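The listed protein sequences derive, respectively, from chains A and B. Residue numbering for the first sequence follows our numbering, starting at 21 and increasing by one per position. Residue numbering for the second sequence follows our numbering, starting at 75 and increasing by one per position.
Since the hints were derived computationally from the structure, they do not count as laboratory data. One thing to keep in mind: the hints can contain errors.
[Unchecked claim] Computed footprint of chain B on chain A; a stretch qualifies when at least three of its residues, placed anywhere within it, have a C-beta under 8 angstroms from a C-beta of chain B:
id, region
1, 41 to 51
2, 67 to 76
[As the list claims (entries may be wrong)] In silico EDC-like cross-links for lysine to aspartate or glutamate, where the CA-CA straight-line distance does not exceed 16 angstroms:
id, chain 1, residue 1, chain 2, residue 2
3, B, 80, A, 136
4, A, 50, A, 136
5, A, 50, B, 147
6, B, 81, B, 212
7, B, 209, B, 146
8, B, 81, A, 136
9, B, 209, B, 147
From a predicted model like this one, the values you see are computed outputs, not experimental measurements. All C-beta atoms, glycine included, are put in the ideal place defined by N, C-alpha and C.
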Amino acid sequence: MATLIFLFSAAALLQFFISYCRSLIAASIKQPLSAEVREVTGIESVASGDDFARVVQLLQLCPERPEDHGDIRAIGTYFRLLNFVRGTLARLIPALVAWTDMERGQCTYFAAVALERRIAFSRDMLAQQLDA
Amino acid sequence: MVSAVKKHSFRRYLCLNLYMLFSVIVSAARFQTLAQYGLHSKQYTYVYYYSDAVLTIFLYLALITLYLHVFDEMQVEKYVRLTALLLLAGTALFSYAVVQQSSHKMLTVFSYELSQNLYFVGLVLTYVLWGAILKLRETRTQLIQLVLSLGIYFSAFAATYALQNMYPSFSRSFSYVVPVFGCLLPLAWAYAFWRLSPDARMAPARLVVVPR
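Let's have the full structure, built from the sequences with the hints guiding it.
Structure below.
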């Protein structure tokens, strides 16, 4: 009984986690990137999964916003999961390569949107300090 | 709860917020028992597992209100409430039957079994609700994220308790994992209330793992 419950729960956890991460990405994908962030991140028209690590490094240079800490970590975990699928399952099922590449690119776009928010947050903080 | 009040969503998701308030009170009671009797005392074990069972039942009620949100245009409120009542009574009866049969192993395997069953029923209910969201093409982003985070919470706990039940000798290692999972739901709900507008929409078909 416990084994069955474990197998079903683990499968459901994976499914809910992927859908949750995609809902986070879908909520941010509509937001256009400013020219400044495009230039900094090197994202021209379509974001590539290969830029994810670099965009996250840029994110870490900005002051942290408490409200986006959890979702960035969730997307980071999702990105690692996609890398794992790309390195294992996608070798057996070639159709998965295109899917993981698209998803990894969207993770990068999500990180770039978070970077844009952090830059705006830093500017607000600086403006408040100057006013004070 | 603070996020919901600030973003004027407290009344819209009243049961979810009451659950969070209740879980804060339960955490304080647990801490009081822990400080008074110690981690390995019978009192703390009883308070921990039985408050966990009560909290899970409260979470069922919160989940039922999410069902009402999804089905609000179908005028089936009466049936949802009746089904919820029957399910709650069924779970209570089942748990009572288990207690009767396993009174000799109270506080050990039984507490894991009870929690595992409660979380598993919660997971099945959330899974059915997610299916209904996809079928009815529910588009409210906030509602979708609340349901998905509840699904992650229930499945993570059900899997952890099942593993504990399968390998009781490793239960000490799981004691570090459970508090981490416990933080998932408040964080995800706070994000959903804080960041998302109640009017934000998305296509749920984009979220499924296997495209339809």
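Structure-based check of all given hints:
1. 41 to 51: holds (count 5)
2. 67 to 76: violated (count 0)
3. B:80 to A:136: Cα-Cα ~24 angstroms, so violated.
4. A:50 to A:136: holds, 13 angstroms
5. A:50 to B:147: Status violated; Cα separation ~28 angstroms.
6. B:81 to B:212: violated, 22 angstroms
7. B:209 to B:146: Measuring from Cα to Cα gives roughly 15 angstroms; hence the hint holds.
8. B:81 to A:136: Status violated; Cα separation ~23 angstroms.
9. B:209 to B:147: Measuring from Cα to Cα gives roughly 14 angstroms; hence the hint holds.
Violation of the numbered hints given earlier is confined to hints 2, 3, 5, 6, 8; the remaining hints are satisfied by the structure.
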